[in-house]
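Chemist: Here is how the chains run, residue by residue.
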Amino acid sequence: MTSRKIMLLGEIGVGKTSLVNRLVHGRFRTDYMPTINVEIYTYNLPETNDRPALTLLIWDTDGNFGQTIFSSVYLKNASAAIIVGDSTRPATLKAMAGLATGWREARAGRPLSLLLNKSDLLPDADTHELPAELRAETTEPLFKTSAKTGENVDVAFHATADAILRRGL
Amino acid sequence: MGLAKPSPLLSAGLLLARNGIYGMAWLDAGFVVTARFGDLTASLGVGEAVSSGLPFLADYLDDIQNLPADGRTSFELPGILLVNGEGTDTPRIDIYVFRSHPKITEHSVGEATLNDQTATTNSDEFLLLVTRASGHSSSDVALARLQRDRTILLEQIEQQKLELERTNAELELCNRDLEDFATIISHDLKAPMRALRYFTDDIETALAQARPQDAHKACAALKQQSRRMSTMLSQLLDYASLGRQTEALEHINSRHLIDSIVSSLPRPHRFTIEVQGDWPNIETYVAPFDLVLRNLVDNAIKHHDKPEAGWVRVFAKLTDDHLSVTVSDNGPGIPLGRQEAVFYPFRSYRRDPDGGCQPNAELAHGMGLAFVKRTVETVGGQLHLISNPAERRGSAFQLSWPLTPSQKTTADR
Chain A
1 MTSRKIMLLG
11 EIGVGKTSLV
21 NRLVHGRFRT
31 DYMPTINVEI
41 YTYNLPETND
51 RPALTLLIWD
61 TDGNFGQTIF
71 SSVYLKNASA
81 AIIVGDSTRP
91 ATLKAMAGLA
101 TGWREARAGR
111 PLSLLLNKSD
121 LLPDADTHEL
131 PAELRAETTE
141 PLFKTSAKTG
151 ENVDVAFHAT
161 ADAILRRGL
Chain B
1 MGLAKPSPLL
11 SAGLLLARNG
21 IYGMAWLDAG
31 FVVTARFGDL
41 TASLGVGEAV
51 SSGLPFLADY
61 LDDIQNLPAD
71 GRTSFELPGI
81 LLVNGEGTDT
91 PRIDIYVFRS
101 HPKITEHSVG
111 EATLNDQTAT
121 TNSDEFLLLV
131 TRASGHSSSD
141 VALARLQRDR
151 TILLEQIEQQ
161 KLELERTNAE
171 LELCNRDLED
181 FATIISHDLK
191 APMRALRYFT
201 DDIETALAQA
211 RPQDAHKACA
221 ALKQQSRRMS
231 TMLSQLLDYA
241 SLGRQTEALE
251 HINSRHLIDS
261 IVSSLPRPHR
271 FTIEVQGDWP
281 NIETYVAPFD
291 LVLRNLVDNA
301 IKHHDKPEAG
311 WVRVFAKLTD
321 DHLSVTVSDN
331 GPGIPLGRQE
341 AVFYPFRSYR
351 RDPDGGCQPN
361 AELAHGMGLA
371 FVKRTVETVG
381 GQLHLISNPA
391 ERRGSAFQLS
401 WPLTPSQKTT
411 ADR
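Chains as they are written, first to last, in the working numbering: chain A, 1 to 169; chain B, 1 to 413.
For the record, the hints were derived by calculation from the structure and aren't laboratory data.
Cβ coordinates follow ideal geometry from the N, Cα and C atoms, glycine included.
Some hints could be false.
[Claimed, not checked] Restricting the straight-line Cα-Cα distance to at most 35 Å, the calculated cross-link-like pairs of lysine-lysine (DSBU-like) are: (1) LYS161(B) <-> LYS302(B); (2) LYS373(B) <-> LYS306(B); (3) LYS306(B) <-> LYS161(B); (4) LYS190(B) <-> LYS306(B); (5) LYS190(B) <-> LYS317(B); (6) LYS161(B) <-> LYS148(A); (7) LYS317(B) <-> LYS306(B); (8) LYS144(A) <-> LYS302(B); (9) LYS94(A) <-> LYS161(B); (10) LYS76(A) <-> LYS94(A); (11) LYS223(B) <-> LYS317(B); (12) LYS161(B) <-> LYS373(B); (13) LYS144(A) <-> LYS76(A); (14) LYS94(A) <-> LYS190(B); (15) LYS94(A) <-> LYS317(B).
[To be verified] Covered stretches of chain B (chain A as the covering partner; in silico rule of three or more C-beta atoms under 8 Å from a C-beta of chain A): (16) 32 to 40; (17) 323 to 334.
[Said to hold, decoys possible] Among chain A residues calculated to face chain B with C-beta under 8 Å, some are: (18) ILE36; (19) ILE40; (20) LEU57; (21) PRO90.
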């Protein structure tokens with residue numbers, strides 16, 4: 001089965017590991033286990049009418065990497081990036097814009113998705129104002145997700161996979 | 001003949017391999033596994049591509065292919081943790097690949113037989129070495145948790161600092177407003193109040209002297225003055241409420257807006273108004289934006305001393321974070337000494353024959369520019385006046401209207 005590499009990026013504590021655990025294992029852990037360096041998850045997308053079967057190798061990264069991830073060996077041949085922010089921490093949303101820029105410079109032409117995680121913690125998630133730096137990211141798909149409830153998690157990863165296939169990567 | 005006993009070094013190596021401390025595999029030039037041993041390479045199948053057992057290595061085969069054949073230079077991929085299907089803990093591993101590494105031949109030593117090992121072949125090109133990486137102990141986890149908590153706390157402190165600065169700025173604005181109102185009440189309303197008193201004195205005197213016509217005139221003047229005061233107080237209330245109204249952001253076509261403003265404003269015959277520049281679709285608070293543009297253009301029309309040859313130009317230019325609008329005219333201009341006062345409430349000036357400026361009683365309410373300035377400040381914009389009648393006629397009001405304005409609200413009074 002064809003496999004593609006997806007980088008999961010974002011500041012510490014935004015919920016990257018929780019998202020991929022929700023996707024792959026259908027579960028949510030309440031105890032915080034920091035990701036150290038890189039953890040690789042395998043997720044098999046079944047064949048559909050619109051898409052062939054595809055294996056996603058999801059590289060869950062340590063939030064402490066910051067911009068240095070783009071010069072690391074781990075980024076090589078990554079087909080897409082999913083950048084995650086914590087909806088309740090504006091600083092992490094601002095950081096998303098910097099990571100998006102870094103991704104575009106490091107892996108030009110590869111798709112990028114933006115996830116505003118922990119939307120379950122915001123009572124008015126739809127009206128919550130994004131920081132200016134992130135509002136400028138108008139061309140990238142943006143998903144409001146919750147690893148806790150599962151909201152939009154599958155949708156976001158499947159959409160990223162579709163984007164990879166559409167671009168022939 | 002008895003079997004040869006393995007050397008202590010080999011036995012130790014076997015023990016470590018079986019306990020998952022390290023594992024090795026040999027790969028041919030096509031990256032097919034030709035031999036392997038150790039628990040850490042258990043996912044690799046002899047005769048299968050290395051990327052079948054370690055799929056993530058597929059992205060690095062070209063780097064491995066380019067390794068020099070010196071036996072020392074290695075490809076390294078450290079600190080990888082492969083999450084298995086059950087999601088249980090697996091060892092974190094460091095991966096090294098060498099080219100043309102010396103081969104280990106097979107030994108058969110009874111119980112010390114090396115399991116899952118086949119003889120190496122001449123096609124072996126690469127040695128894959130997998131070692132157990134230093135895992136994260138409980139203290140590592142605790143440290144990482146503390147680091148995250150510290151990061152979050154620092155973010156919250158920074159956020160609260162910003163809130164504090166915003167609150168301080170609002171308080172300063174409130175204090176300035178209070179000072180302004182105190183000044184207005186003590187100065188600008190004192191004169192009309194005094195006039196009321198004079199008119200009532202005039203009425204008393206006229207009645208006492210049996211001059212009913214004069215009494216009627218004084219009554220009429222009293223009524224007009226009280227109406228004027230009522231209007232001033234209403235305008236003061238409107239001025240005070242600017243910034244306390246909660247508006248919603250709307251998407252508008254700014255060109256349509258300015259065109260509708262221009263078409264709605266009365267103007268003298270032959271007075272022209274031109275709209276130029278870039279007027280994009282923007283997201284903004286519509287009512288304040290309309291108020292500002294309308295008052296600036298209307299102000300330029302009303303204060304023109306030669307309306308039969310008068311013009312106003314409204315020019316817009318889009319920048320990264322604001323819409324720059326310039327409202328310029330060929331009117332009398334505003335002397336440098338009056339340019340601050342024109343933005344005060346109840347100030348209105350007209351040019352006098354000597355080229356100076358005097359209060360314009362016909363436009364005595366004079367709240368237009370005061371509204372404009374306060375509105376612009378409320379949304380976080382800027383307004384500058386450029387005019388120097390001593391050098392040339394005309395004025396230009398330069399407005400910077402933020403594209404995503406933050407509407408400040410004053411504290412409830």
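Chemist: Give a verdict on every hint.
Modeler: Going down the list of hints, with the structure as the test:
| no. | hint | in the structure |
| --- | --- | --- |
| 1 | LYS161(B) <-> LYS302(B) | 45 Å, violated |
| 2 | LYS373(B) <-> LYS306(B) | 26 Å, holds |
| 3 | LYS306(B) <-> LYS161(B) | 53 Å, violated |
| 4 | LYS190(B) <-> LYS306(B) | 34 Å, holds |
| 5 | LYS190(B) <-> LYS317(B) | 43 Å, violated |
| 6 | LYS161(B) <-> LYS148(A) | 30 Å, holds |
| 7 | LYS317(B) <-> LYS306(B) | 28 Å, holds |
| 8 | LYS144(A) <-> LYS302(B) | 52 Å, violated |
| 9 | LYS94(A) <-> LYS161(B) | 17 Å, holds |
| 10 | LYS76(A) <-> LYS94(A) | 25 Å, holds |
| 11 | LYS223(B) <-> LYS317(B) | 48 Å, violated |
| 12 | LYS161(B) <-> LYS373(B) | 28 Å, holds |
| 13 | LYS144(A) <-> LYS76(A) | 28 Å, holds |
| 14 | LYS94(A) <-> LYS190(B) | 52 Å, violated |
| 15 | LYS94(A) <-> LYS317(B) | 27 Å, holds |
| 16 | 32 to 40 | violated (count 0) |
| 17 | 323 to 334 | violated (count 0) |
| 18 | ILE36 | 5 Å, holds |
| 19 | ILE40 | 5 Å, holds |
| 20 | LEU57 | 6 Å, holds |
| 21 | PRO90 | 7 Å, holds |
In summary, the numbered hints that this structure violates are 1, 3, 5, 8, 11, 14, 16, 17.
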